[in-house]
Amino acid sequence: MDVIDRIKQQLAEHPVILYMKGSPEFPQCGFSGRAVQILEHCGASYAYVNIFEDPELRENLKLYSNWPTFPQLYVNGELVGGSDIMMDLFQKGELQKILAEASPPPVSQ
Amino acid sequence: MIDRVEKIRTRLEEVLAPLHLQITDDSAAHAGHAGVIASGGGHFSALIVSAAFEGKSAVQRHQLVYRALGDLMRTDIHAFSIKAFTPLEYQQL
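Chains A and B, in that order, give the protein sequences.
Its first residue numbered 7, the first sequence is counted upward by one per residue in our numbering.
Its first residue numbered 237, the second sequence is counted upward by one per residue in our numbering.
Because the hints were derived from the structure by calculation, they are not lab data.
All values reported here derive from a predicted model rather than from experimental measurement.
Just so it is clear, CB atoms sit at the ideal spot from N, CA and C, and this is done for glycine as well.
Hints should not be assumed to be uniformly reliable.
[Unchecked claim] Rough simulated footprint, nothing fancy, chain B against chain A, three-plus residues with beta-carbon under 8 angstroms:
1. 68–80
2. 89–101
[Unchecked claim] Pairs of lysine-lysine, DSSO-like flavour, derived with a Cα cap of 27 angstroms:
3. B:319 <-> A:98
4. A:14 <-> B:243
5. A:14 <-> B:292
6. B:243 <-> B:319
7. A:14 <-> A:68
8. B:292 <-> A:98
9. A:68 <-> B:319
10. B:319 <-> B:292
11. A:103 <-> A:14
12. B:243 <-> B:292
13. A:68 <-> B:243
14. B:243 <-> A:103
15. B:243 <-> A:98
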């Protein structure tokens, strides 16, 4: 599969997905670590991709999104931003709303 | 060697014609961390006040700044922290 198709598929399959350096357990950059902390603090369920494990995707995602740095957070296929914008939205209480609407907590039956 | 902050300033001034531009080199605070060693790039933060941001979302503003920085994002910059305001927003801070 073409790398752009792979990116599109990941974005379609995961309402909340973080492209980051390292993993949530072991972030390999302070900015990616901060993004993880914000998502955890919001109680969001999210997918992640460690871009160090996929150099081709890393380079192509930068072009796809016109965004040259990581982390990059996508909600419903749209780029929300990097760690600066995430922190800004979080402090305004907007990120919590965006995440809650994207992946509502499971309804108990 | 031209100061990296001056290189960044030149690019941003050319493209964004900012009313106010403050660039800080935070590299010392991050010296030795893996990304810095791998890329050789520094950490910078900028406060940019420009009419070019009017009517644009946060993502679009950052994209505008990244486009202005161009290849510096690969060669000189590892991380660029951006605060982008329109003149009106800045007045109201």
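Hint check:
no.: 1; hint: 68–80; in the structure: holds (count 4)
no.: 2; hint: 89–101; in the structure: holds (count 4)
no.: 3; hint: B:319 <-> A:98; in the structure: holds (15 angstroms)
no.: 4; hint: A:14 <-> B:243; in the structure: violated (35 angstroms)
no.: 5; hint: A:14 <-> B:292; in the structure: holds (24 angstroms)
no.: 6; hint: B:243 <-> B:319; in the structure: holds (19 angstroms)
no.: 7; hint: A:14 <-> A:68; in the structure: holds (13 angstroms)
no.: 8; hint: B:292 <-> A:98; in the structure: holds (18 angstroms)
no.: 9; hint: A:68 <-> B:319; in the structure: holds (21 angstroms)
no.: 10; hint: B:319 <-> B:292; in the structure: holds (13 angstroms)
no.: 11; hint: A:103 <-> A:14; in the structure: holds (24 angstroms)
no.: 12; hint: B:243 <-> B:292; in the structure: holds (25 angstroms)
no.: 13; hint: A:68 <-> B:243; in the structure: holds (22 angstroms)
no.: 14; hint: B:243 <-> A:103; in the structure: violated (39 angstroms)
no.: 15; hint: B:243 <-> A:98; in the structure: violated (33 angstroms)
Against the hints set out earlier in the document, violations occur for numbers 4, 14 and 15.
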